[in-house]
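Let's have the full structure, built from the sequences with the hints guiding it.
Number of protein chains: 2
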Amino acid sequence: MDDVMADATGQFINFYEKEFGVRVSRESLNHKAEMERFPENHDVVYSFTLRKDFFRTMAVNDHAQKVIKELNQKYELFIVSSAMEFPNSLPEKLEWLKEHFPFLHWKQFVFCGRKSIVHGDYMIDDLPHNLETFNGEKLLFSAPHNLQFDQFKRMNGWREVGEFLLK
Amino acid sequence: MDDVMADATGQFINFYEKEFGVRVSRESLNHKAEMERFPENHDVVYSFTLRKDFFRTMAVNDHAQKVIKELNQKYELFIVSSAMEFPNSLPEKLEWLKEHFPFLHWKQFVFCGRKSIVHGDYMIDDLPHNLETFNGEKLLFSAPHNLQFDQFKRMNGWREVGEFLLK
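Those protein sequence lines, which keep their order, are chains D and H.
Residue numbering for the first sequence follows the numbering used here, starting at -17 and increasing by one per position.
Residue numbering for the second sequence follows the numbering used here, starting at -17 and increasing by one per position.
Keep in mind that the hints were calculated from the coordinates and are not lab data.
Heads up, a few of these hints could be off.
For chains that are exact copies, the list does not tell them apart, and a pair is met inside one copy or across any two.
[Said to hold, decoys possible] Straight line, CA to CA, 35 angstroms or less: simulated DSBU-like cross-link-like pairs of lysine-lysine:
#	residue 1	residue 2
1	LYS56	LYS0
2	LYS34	LYS14
3	LYS34	LYS149
4	LYS80	LYS14
5	LYS149	LYS0
6	LYS51	LYS135
If you want it as structure tokens, here you go:
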């Protein structure tokens, strides 16, 4: 979900601006590890994830709804999210999915810790360590924090996912 | 979790007694489908799952803590629970696990809809439809609602699980 379906990076930028009055550009975060990408106040940035509505109010990434709706017609689709680290995210992520992806069923949702437990034909993920343990084809969804990795097939946004998996 | 690690059946019996003043015996529920096992008021019984603390206050099944602690030392262990149908259960199940199984890490928890997405060497479950889609060895954990099934290896309680998987 985060930085694949949902604009987690944009949410961090918004919360950072509200907290410190500084608007950080999306480009300045490129190639930086998730928790060290802001100029300072890293502990506070991490704590944003514990605040009410952080996960609930994320924007949907471009074209995610359209492409996922079509994927859902062609494939047996699951949404697998590493949510367990942030207990407050569990109900918020569920509500977020129901609002923005009403065509998905709760039977398709998986909130977990480690993703090594899931298997399938394709995994689309922004984090290399999630892809590494997957049995099927691994697709790295581009995000500022993963631009330095080149060992996986890269998907630059949902349109590219659609071109690759729906043709 | 429900009727494997946690005494879900006992919780239904307790809530039924509190609501209708009738103490149903555990044995009277044998061989009956989950949602038709009480004498009447089936819709109300189902709605117990939506009440606050239904999942949070379940008793731990006998010997579950000791055996799971030992399994956790020998195996890569995951707790996979069909929780997504009951949104309120998500935080409650997480708190329940942290209270009763403090030796487990959140990275080991999976709250899902369908369990067909997970794979592994062994699955211990009380519901045949969860076992049917599993790739590894399927172990049916005895519960009143599954005594009529005989297509899976049966585990009568956690001591038997320990004898089978820890020897």
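Checked hints:
1. LYS56 to LYS0: neither (41 angstroms within a copy, 47 angstroms between copies)
2. LYS34 to LYS14: within (26 angstroms within a copy, 42 angstroms between copies)
3. LYS34 to LYS149: neither (40 angstroms within a copy, 47 angstroms between copies)
4. LYS80 to LYS14: both (31 angstroms within a copy, 33 angstroms between copies)
5. LYS149 to LYS0: Neither. Shortest intra-copy (42 angstroms) and inter-copy (57 angstroms) distances fail the 35 angstroms Cα cut-off.
6. LYS51 to LYS135: within (22 angstroms within a copy, 39 angstroms between copies)
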